[in-house]
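Residue numbers (this note's numbering), protein chains in the order written: chain Z, 1055 to 1495; chain P, 2 to 267; chain W, 736 to 935.
It should be emphasised that the hints constitute simulated quantities derived from the structure, not laboratory data. Accuracy of the hints is not assured; some may be wrong.
Quick look at which bits of chain Z chain W covers, simulated, 3 or more residues with Cβ under 8 Å [what the hints assert, rightly or not]: (1) 1105-1118; (2) 1150-1160; (3) 1204-1216.
To give a feel for the contact side, a few chain Z residues facing chain P, derived at Cβ under 8 Å [unchecked claim]: (4) R1122; (5) S1126; (6) V1128; (7) F1132; (8) A1133; (9) S1134; (10) A1136; (11) R1137; (12) R1142; (13) L1144; (14) T1253; (15) S1376.
Since we're looking at a predicted model, the values are computed, not measured. Where a beta carbon is used, it is the ideal one built from N, C-alpha and C, also for glycine.
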Amino acid sequence: MNRILGIELRRSAAAGSVLMLLLAGVIMLYVAPRRWSPGWMPLVMIQREYLVLLWPLSLAVGAWQSRREHRSNVAELFASTARPRAQRMLPTLAALGIAVTCAYLATAAVAVPWIIGTARYLPATAFVVAAVGALAMIAAAWLGLALGRLLPHVVTAPALAVAGIGLLMVLPAAVRHREWLALIFSPMFGMGQYTDYQTVYGRVSAAQAIWLVALAGAGAVLLASDSWRTRVAALLPAILGASLAIMVIPRDDKFVATPIDPVAQEQVCAEGSPRVCVSRVHSGLLPEVVPVARQALAMLAKLPNPPTTAHEDTTTYYPATSPPRQADVVLMQITVDDHGHLTHEADMLREMVAALGANTDGCSGPSPSVPVMRAAGSWLMGREPVTDDSDESAEVNAEAVKLWQGLQNLPEKEAAARVGAVRQAAMACADLDGLLTGRAQ
Amino acid sequence: MRTVSAAETAPTTHPWAVHAEGLRVRAGRHLAVDGLDLALGAGVHGLLGPNGAGKTTLIRALATVVRPAGGRLRLLGEPVDGRADLRRVRRGLGYLPQQFGFYPRFTVREFVEYMAWLKEMPKSMVPGAVQRAIDRVGLTSKANARMKTLSGGMLRRAGIAQAVVNDPEVLLLDEPTVGLDPEQRLDFRELLRDVGLDSCVLVSTHLVEDVVAACSDVVMINEGRLVYQGTPDDLIAQGGTGDAGDSPAERGYSALLRRHRSEAGR
Amino acid sequence: MRWLALYLRSRRVPIALAAVVGCAAVMWSLWSTFSNEREVGVPMVILTVLLLVAAVTATLAGPDDALERTAALSWPPRRAAHLLVALAVVVGLLLATLVTGARFGPAWLVIRDAAGLLGLTALGAVTIGAARSWFLPLGWTLASIVFPLSGVTSSEILTWQSQVPGNKTAAVTAALIGVGGLIAYAAAGPARRAPAEAAL
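Only chain Z is shown next, with the shape it has when bound in the complex (with noise of 0.2 Å):
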């Protein structure tokens, strides 16, 4: 068997799909390299979504190779044989298998240099989440050689093709109201990144390896089976894997459409004084990042009670999280370019700034006036405040650069102090006006 594997593998359309799969796989990871640059769960997550494409290919792959056979005319030849259907197509499906799975896997290793660098958090999950994507397209080729053998025309592997990019995007939207049901038969579903600790729930990957088992089962058997009775009952598995999936996923009230991974958003900190930390995800870029916040740290450090350490938010929206609001932390956003590294440092550097080191988020109320923040941070960089954004009118920034300009008239020890001022008030979520000017004393 090991020889006629080889045989196979060398011979049929294994060799030429890797390389097409593989082509496919590397230049869409590297068109958008930033959807993926983050870390390592992002980089498998980022490759089950572009299964859109590979997903199809794998289908029409396995129709393509079905249809030798039929060109061959080798039927005759093979009917007088001793070997029964079933272990004859052992190697072809060994062979496809190993194929797109290389593929697949290969894809990921090309991009592993890419970030090697900078990402850190390598959890278990993503092992799993990879995969799962190797097995849909071992599921995907082994359903094309089954249909394709049903239907040996030119027209059946690109009409699967389309068939299979159809489905893939279509069944979110066909199923709106029952989402976890695209989770499990979408190989490319809930793979989005929405924040850069995205992760899949356990459950939902075993959910999906069993649907995917099944109808890889189902597309053997159908491939293998000689009379009508044994092809219908080929459906047999699909329909107790699909109904397995389904009684695994976590349904309706405990379907979570973006899971976040809390390891991920653990902080982690560098060494020395004062303290700098990041997420987890992120604490590759730890280098990087220490200089640029201790330099806003130390601009903050003119204040009454400065705070002393700088953490990542690590905010989420879908779902909810936030990190613990203290008094001395200072909250920092944290940008990955195309290689992963730091980008965007100014910017940074200005945002810690101009929040004065207060987590207003938890706030509820109206957020905090513009033009005593701006005015307050400029101070503290010791810059003319300048506006960043478009929208804003022009009267916010005037109003801005005049209370920085009258702080820039006091001494320094009273300008401090007020700036301490409007910074507790931030915190305590009361209202800033007047704080700058003195006038609210």
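Fit chains P and W to the given chain Z structure using the hints.
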């Protein structure tokens, strides 16, 4: 030279390798083989007959590609009609169909090895058997060439190689010499005689000279029935100077055919 | 007329026509059943055009092209006519849906994509054989549906199938590919494929 297993040297328990009694086989809707009685033992048997006589259908039935519609058929002592398990019989079969289909991308060696695997040969014997089969048909120099690069005659010889790779007890060849040049036909006759020493070989061909030269037994069928079975010398003796044909064997052939047709007409 | 009938049968055109009409009907029914809008979504239109073009690829080569090449009559105009009629069938079917409840349009998108994809298929038939000629159109079109880039000229050329109908770069690209494929196929014909049994 190769080692011979004990099973191969054990005496056979069946009297005939191929035993058909009142065999009826359909080709589509038409009953191509209609009440054929045939008993073949070891040796090279030539199958002659006009086109449409049912030669190919008979060979297909013997190769277990089609199931008989009626009558009894025993191959190697096992019944192959009805719902029998054909795996054991098929391991001892070798078949070269008239339309030889193959995988063009496979090399000759790989294809013969694949066929050996399909015939469930023991794994340890396969490489040696493959090399031996390729040598016997004279394709050693082309063993690693892809099948799609072979000419017609070489392709046919590759087909013969896959038919003999498992040293079958029943070898069925349907028009095996198409495309072979005269020298290759001589080599092929040598191969047939060699194989026919131990096994039952049935060669369906239109080339009467091949039958006379290589076969120990001639079987003639017409319209699905057995017309004649005997040695080639007896076939020649059937013909006289008045019959159509350029060689004694052809004259004997046309004499038998004429006689059978007139009998059937009565 | 007799020659035309025999030619169509040798190329298995009746089956291909049935496949084309069948695929169009399936896509039309799917949209009519599952959507409330009259205008079919652009990705689905592109996929339908791709599917219909794939259904006619089998007719681009006969069972024995080497034999056909020995004919006395001139093949290039007939091959060109074959391609143009195929284009007319695909485009005509989809434009006919414009009066129905599921409109596969805009018309210019259908014409551009059908011409370009058919030209690409014809180029494939000339180089790698008619049976494999759907490889590149399928891969390219699926990729451009997944990544509809626009803005930069080079990315518009790369994803011409999914650009808006008014886009000039895409129109020029499709025209070039279509005309190039037509000329190549008419001049050279389908790639020589060795029959399964040589000289038998």
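Hint check:
With a threshold of 8 Å between beta carbons, the proposed coverage of the segment 1105-1118 of chain Z by chain W holds, since 5 of its residues qualify and at least three are required. Judged by the Cβ-Cβ criterion of 8 Å, the segment 1150-1160 of chain Z is not covered by chain W as claimed, because only 0 of its residues qualify and three are needed. Here the segment 1204-1216 of chain Z counts 8 residues with a CB under 8 Å from a CB of chain W, which clears the bar of 3, and the coverage holds. The beta carbon of Z/R1122 is positioned within 8 Å of a beta carbon in chain P (closest approach about 7 Å), and the interface hint is therefore held.
The interface hint given for Z/S1126 holds, since its Cβ lies 5 Å from the closest Cβ of chain P, which is under the 8 Å cut-off. Taken as an interface hint, Z/V1128 checks out: its beta carbon lies about 4 Å from the nearest beta carbon of chain P, inside 8 Å. Satisfaction of the interface hint for Z/F1132 is found here, the shortest Cβ-Cβ separation to chain P being roughly 7 Å, below the 8 Å cut-off. A cut of 8 Å between beta carbons decides the hint on Z/A1133: the least distance to chain P is about 4 Å, and the hint holds.
The beta carbon of Z/S1134 is positioned within 8 Å of a beta carbon in chain P (closest approach about 4 Å), and the interface hint is therefore held. Because the beta carbon of Z/A1136 sits about 4 Å from the nearest beta carbon in chain P, less than 8 Å, this interface hint is met. Here the hint on Z/R1137 is kept, as its CB sits about 5 Å from the closest CB of chain P, short of 8 Å. Checking Z/R1142 against chain P by beta carbon gives a least distance of about 7 Å; that is within 8 Å, so the hint holds.
Evaluation of the Z/L1144 hint against chain P yields a violated restraint, the C-beta minimum of about 11 Å exceeding 8 Å. Residue-level restraint check for Z/T1253 is violated (minimum Cβ-Cβ distance to chain P is 44 Å; threshold 8 Å). Taken as an interface hint, Z/S1376 does not check out: its beta carbon lies about 60 Å from the nearest beta carbon of chain P, beyond 8 Å.
The structure does not agree with the numbered hints 2, 13, 14, 15 stated previously, though it agrees with the rest.
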